[in-house]
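If you want the building blocks of each chain, they are given just below.
Number of protein chains: 4
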Amino acid sequence: MVKVGIVGGTGYTGVELLRLLAQHPDVEIVAITSRGDAGTAVSSMFPSLRGRLDLKFEDPSLANLKGCDVVFFATPNGVAMQQAPQLLDAGVRVVDLAADFRITDVAEWEKWYGMQHVSPEWVAKAVYGLPEFNRAAIREARLVANPGCYPTAVQLGFMPLVEAGLVDLDHLIADAKSGVSGAGRKAEVSSLFSEAADNFKAYGVTGHRHLPEIRQGLSRIAGHAVGLTFVPHLTPLIRGIHATLYAKIKGEADFQALFENRYADEPFVDVMPTKSHPDTRSVRASNLCRIAVHRPQGSDTLVVLSVIDNLVKGAAGQAVQNMNIMLGLTETVGLWQLPVLP
Amino acid sequence: MVKVGIVGGTGYTGVELLRLLAQHPDVEIVAITSRGDAGTAVSSMFPSLRGRLDLKFEDPSLANLKGCDVVFFATPNGVAMQQAPQLLDAGVRVVDLAADFRITDVAEWEKWYGMQHVSPEWVAKAVYGLPEFNRAAIREARLVANPGCYPTAVQLGFMPLVEAGLVDLDHLIADAKSGVSGAGRKAEVSSLFSEAADNFKAYGVTGHRHLPEIRQGLSRIAGHAVGLTFVPHLTPLIRGIHATLYAKIKGEADFQALFENRYADEPFVDVMPTKSHPDTRSVRASNLCRIAVHRPQGSDTLVVLSVIDNLVKGAAGQAVQNMNIMLGLTETVGLWQLPVLP
Amino acid sequence: MVKVGIVGGTGYTGVELLRLLAQHPDVEIVAITSRGDAGTAVSSMFPSLRGRLDLKFEDPSLANLKGCDVVFFATPNGVAMQQAPQLLDAGVRVVDLAADFRITDVAEWEKWYGMQHVSPEWVAKAVYGLPEFNRAAIREARLVANPGCYPTAVQLGFMPLVEAGLVDLDHLIADAKSGVSGAGRKAEVSSLFSEAADNFKAYGVTGHRHLPEIRQGLSRIAGHAVGLTFVPHLTPLIRGIHATLYAKIKGEADFQALFENRYADEPFVDVMPTKSHPDTRSVRASNLCRIAVHRPQGSDTLVVLSVIDNLVKGAAGQAVQNMNIMLGLTETVGLWQLPVLP
Amino acid sequence: MVKVGIVGGTGYTGVELLRLLAQHPDVEIVAITSRGDAGTAVSSMFPSLRGRLDLKFEDPSLANLKGCDVVFFATPNGVAMQQAPQLLDAGVRVVDLAADFRITDVAEWEKWYGMQHVSPEWVAKAVYGLPEFNRAAIREARLVANPGCYPTAVQLGFMPLVEAGLVDLDHLIADAKSGVSGAGRKAEVSSLFSEAADNFKAYGVTGHRHLPEIRQGLSRIAGHAVGLTFVPHLTPLIRGIHATLYAKIKGEADFQALFENRYADEPFVDVMPTKSHPDTRSVRASNLCRIAVHRPQGSDTLVVLSVIDNLVKGAAGQAVQNMNIMLGLTETVGLWQLPVLP
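Chains as they are written, first to last, in full-length UniProt numbering: chain A, 1 to 342; chain B, 1 to 342; chain C, 1 to 342; chain D, 1 to 342.
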């Protein structure tokens, strides 16, 4: 059994990690920490786990995290960069679900995240945990920077086109819509039911923290800088991201076949038949990404639809997938639950 | 492997059966029928099953249902009473998720369901599939009448009190709230998003079909007729039933202990600590029933809160639980997924 | 024009007051205060008011509230009892939308609200602002204690029965369901979209602050103490309360006629035809209460369904209605908008 | 008083017309028709109108529509083209809320709507009812083709840019999201609560009927053909459209000032300050369109956000606005209600 620890388990990515790991046949959760809720039974905060997870939140300073094989950081940005290095130095593998190690350009990271990075050396060693792009490196990684939710949906949707170089890479457009759980389990007015229900809005159009991450990822795939307009929106669902991607065609191809071939061996990416419209509920509570490719009215603009569950493939599920890869487990183990529909 | 067939798989109980059975380690789904959608791939109607269930809907007359060990009827009321007998005669076990075999008084059934019963002899042989009350009989059953969703939540909430005879059985009150999936996947104006979202209402206060079923169940538990006021409501959630039950105390007891003892060995009933308020999401997509017992302000009125997922413990999950019991499998196998929260 | 001030306008009852008063033909809003947001344009916080309300939030100490004819307190509990007396002494009429003056038994109030009352003399002078019960007194009032949302729906539903003395007043049951805006515009985890959407739960079963208010109101109507079990629930709608009321019949009557006659002259109470099921959206954004009376299956338990919009008839609308009555305006002026459906 | 008739009043645009017209000070509703519901009181179908509208649905053949000054068609596509001409010939003015007279190229219309047009001569005479573009012509119109919901939001968002010729008109992109009421009050599985709630999806990416209407409108504004990619999405709200518009900048300008100047005199278009994110609820139940203009990260791609209530500015409200203009009434009369927030 793999010994697993979770730092910061009181948010939505934390409880989703618990849901997945508690059902993972090869995993034993040995510690979960929370500074504010130390001593509280996990199942009293999350009754969905009653009878199935007999753990209490522990103070981070007291928990035996160094005795773990893997530690997940489900903490706010800025925590893992402080606490992960000592675990890494002790030989523990780390998956950070926050943004601390995602951006390789430290100055860029500091600009977007508004703090100084205290562990730039580990930024350099971290592996970006998008298995469909980076599986070989993840296998060897000690520290995985788990991608953001929007970046996962957008990169998987653009990747075959960018790799093939068939579209105008200076004017990519990603119009993305997220459920409210993406904002986390923080008490903020803008995330209240009475604010977010029966309402739809864009936000962060002037600049969202996932923009540099997506731009870095697509540039890495392309081998050179790309131009991207990224507009995130808040939509009244709990879970789910729908990315609608636009690209101007520069070279002809059978785009459907391009996508199908690219993802033929990927267990968690499903390229749907032509003319499909994947809906977010078709991946709800699962680690899947479903994609459809359209060329409306035969124009020179390609439209790609990409959906994920932001808490699973966009966070906790992908983190478990990365753990499986790092440890040489079957990549899909513990992640094979069917989506919940309706 | 148990060979399973499903008659009428295009509704919500049907797709939920598919979700559960496709993940059941001891089950092989060999046939699923739909008169209207014969020839259609199941996964094209329900993309959540893409890549995991390679079956087409078959015409009921052509499907090899007699070759199954168990057949589930997820059909509208009135179908199973016509088609189940020939399967039963051929030695197939049957679980009916509709109401055809739930009410033992055939005349009463005909009054509430507005049709003539064509198989009263099987009504007499059918076993009411509430395992917490009827496990021994289910074990021997050839035909299980799977309980309705409201009846499951209400009976489990009242059962310890009725068995103990500690409350006024002439004036029980069940104020129940259901998510909209309880109305099924039928195209009806009243179930439209724009009608049911951001809206709350009672319905069927003059008389709902689940009233006689609950009354029969509670009377059977009590050993004599009970008086019940049952008011169902529609609330804007997809899945979930919350039953708020009121009973006048006739005799003193430690009601918390009464409930805890009654359900101590039940894998799917969770009696929560005193002062708890179970929410429907704490059982979402799981086969659990969670119950809390209150005596507000020390008055002589007891309040019991009982929640289930109407599609799981209220339908497909309980059906699989009944199948497990009938076939001598571990009762919880295939039903051990954790609730999805948030 | 009536000069109106609002203390504490940044919550949901505050913005609803603004919506109603900005459209009231006889009203001029001259001041709105907020300690935390002084200097902010109201329409920058609530874009729905852009171009229609040219006011800034002012610091309470600086606003010319004493120059108003009426001041509304849309503040947290405990503020009005401190600030209203000096306005009252200056001859300003006050409507308090919080609970400070609702409970005449000050010790009882202090128990439920957990603070010491600093203005018990004004509790004695305050008039409980339920126009359908108390219109004459409101007409003469200087200080109106605007009823709570649950108390409005429950009292209007029970009132004809309690007045007529036809039901068992020792065992009234009020099973009430509220939209999430009832919890206010406070940043709390339990009110987050991801917590409250697609979820249903009871809360405060052991004792909710509206219990003593309802009990006081019904006892006043009855002329003696009544026994009440009150169970509030949270349901995923923004606005709306649905109260389902249960009472045991002690004396026979034409209950439908009883209700119709009682409310025949009430502009904001609509008794629906027999067998009706009022839904919350049928009163959404309006000052109406709709009521239906049922006697299911001819039993001895009466069921009354009562719906309001918690922010209008349950708060801001009723406050404006009280202002209209106090000032001798037409009672319905400014409150005659049709409900928004769908 | 203006005598008004409504043909087909049982859908969402019909009931919204009723809500607005019943509160319009200069209007008397004299007839409302429905073939299927003739004889039914309007308020029994829509309890929100109880006590405020004392009309029954009449059979279209019997209603005195020719005695009206204006008749609104709130019917499915294909009805108005058959029934409007005789009213027009009798001197009645007509506003068609369906699509029958929107597309001037009859062959194009027939292709998209799948039926033969029976009144092409009235297509030629009809005036497209987008007041912000076409006010002078509407003033003289006998027949107004009321714009579609998406076309209203998209055209108002693009109009200043297209008029100014500052963007690449060959590659406009409109990513639009609509609440479910846009699908109408038809009993269809895809519009069920359990399908549309907690779910997000694109639809009609291969070609939606509003595409030719928007393309025609923008081409008319531009003076030549434009290229447009239009992707509609379904989002779980009842009312509201959010259009996110993308255009490549060809010439520099102060885009904020361009929009503000263009709409300075428009009562129903609100250009918000720079960096704003209009949300759909800020226009809920009102006739407003709110717009924000962004140039993210100083790139050469402009992003315009445009929100309306699809049932008001996108249907019934705009129809009343057109009526006001046609009849020489104050344009805003009956349409001045504030948005309902929250």
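It is worth saying that the hints were derived from the structure and are not from the lab.
Check before you lean on any hint, since a few could be wrong.
Chain copies aren't distinguished; within one or between two, either way the pair holds.
Here are the simulated DMTMM-like pairs of lysine to aspartate or glutamate, each with C-alpha atoms no more than 25 Å apart in a straight line [what the hints assert, rightly or not]:
(1) Lys-111 x Asp-300
(2) Lys-250 x Asp-300
(3) Lys-275 x Glu-108
(4) Lys-201 x Asp-37
(5) Lys-186 x Asp-168
(6) Lys-3 x Glu-28
(7) Lys-111 x Asp-170
(8) Lys-248 x Asp-300
(9) Lys-250 x Asp-168
(10) Lys-275 x Glu-260
(11) Lys-186 x Asp-254
(12) Lys-275 x Glu-163
(13) Lys-56 x Glu-260
(14) Lys-186 x Asp-37
(15) Lys-275 x Asp-54
(16) Lys-201 x Glu-260
(17) Lys-3 x Glu-163
(18) Lys-201 x Glu-188
(19) Lys-250 x Asp-170
(20) Lys-201 x Asp-270
(21) Lys-186 x Asp-300
(22) Lys-3 x Glu-108
(23) Lys-275 x Asp-37
(24) Lys-66 x Glu-188
Status of each hint after checking the structure:
For the identical chains of this complex, Lys-111 and Asp-300 are inter-copy neighbours only, at 22 Å across copies versus 36 Å inside a copy, given an alpha-carbon limit of 25 Å. Both within a single protomer and between protomers do Lys-250 and Asp-300 lie at most 25 Å apart by alpha-carbon distance, with minima of 8 Å and 19 Å respectively. In this assembly of identical chains, Lys-275 and Glu-108 lie within 25 Å of each other by CA distance solely across copies; the values are 22 Å between and 39 Å within a copy. Within a single copy, Lys-201 and Asp-37 get their C-alpha atoms only as close as 34 Å, which misses the 25 Å cut-off; across copies the closest is 23 Å, which meets it.
Proximity of Lys-186 to Asp-168 under the C-alpha cut-off of 25 Å is found in neither arrangement, the shortest distances being 39 Å within a copy and 42 Å between copies. For the homomeric pair Lys-3 and Glu-28, the shortest alpha-carbon distance inside one copy (5 Å) is at most 25 Å, but the shortest distance between copies (34 Å) is not. In this assembly of identical chains, the alpha carbons of Lys-111 and Asp-170 lie at most 25 Å apart only when taken from the same copy (23 Å versus 36 Å across copies). When the C-alpha separation of Lys-248 and Asp-300 is checked against a cutoff of 25 Å, the pair qualifies both within a copy, at 6 Å, and between copies, at 15 Å.
Proximity of Lys-250 and Asp-168 under a CA criterion of 25 Å is satisfied in both settings, with 6 Å inside one chain copy and 17 Å between copies. Proximity of Lys-275 and Glu-260 under a CA criterion of 25 Å is satisfied intra-copy only: 14 Å inside one chain copy versus 39 Å between copies. In the homo-oligomer, the alpha carbons of Lys-186 and Asp-254 never lie at most 25 Å apart, since the shortest distance is 45 Å inside one protomer and 38 Å across protomers. Proximity of Lys-275 to Glu-163 under the C-alpha cut-off of 25 Å is restricted to the intra-copy arrangement: shortest distance 23 Å within a copy versus 34 Å between copies.
Taking identical chains as interchangeable, the C-alpha atoms of Lys-56 and Glu-260 lie at most 25 Å apart only when they sit on different chains, with a minimum of 23 Å there against 45 Å within one chain. Taking identical chains as interchangeable, the C-alpha atoms of Lys-186 and Asp-37 lie at most 25 Å apart whether they share a chain (15 Å) or sit on different chains (22 Å). In the homo-oligomer, the alpha carbons of Lys-275 and Asp-54 lie at most 25 Å apart only across protomers (21 Å), although the nearest pairing inside one protomer, at 47 Å, exceeds that limit. When the C-alpha separation of Lys-201 and Glu-260 is checked against a cutoff of 25 Å, the pair qualifies only between copies, where the shortest distance is 21 Å, while the shortest distance within a copy is 33 Å.
For the homomeric pair Lys-3 and Glu-163, neither the shortest alpha-carbon distance inside one copy (37 Å) nor that between copies (46 Å) is at most 25 Å. For the homomeric pair Lys-201 and Glu-188, the shortest alpha-carbon distances inside one copy (16 Å) and between copies (21 Å) are both at most 25 Å. For a Cα distance limit of 25 Å, the shortest separation of Lys-250 from Asp-170 qualifies both inside one copy, at 11 Å, and across copies, at 15 Å. When the C-alpha separation of Lys-201 and Asp-270 is checked against a cutoff of 25 Å, the pair qualifies only between copies, where the shortest distance is 16 Å, while the shortest distance within a copy is 28 Å.
Taking the shortest Cα distances, Lys-186 and Asp-300 never come within 25 Å of each other, neither inside one copy (43 Å) nor across copies (35 Å). Taking the closest pair of Cα atoms, Lys-3 and Glu-108 never come within 25 Å of each other, the shortest separation being 35 Å inside a single copy and 54 Å across copies. Only between protomers do Lys-275 and Asp-37 lie at most 25 Å apart by alpha-carbon distance; the minimum there is 20 Å, versus 49 Å within a single protomer. In this assembly of identical chains, the alpha carbons of Lys-66 and Glu-188 never lie at most 25 Å apart, being 34 Å within a copy and 34 Å across copies at closest.
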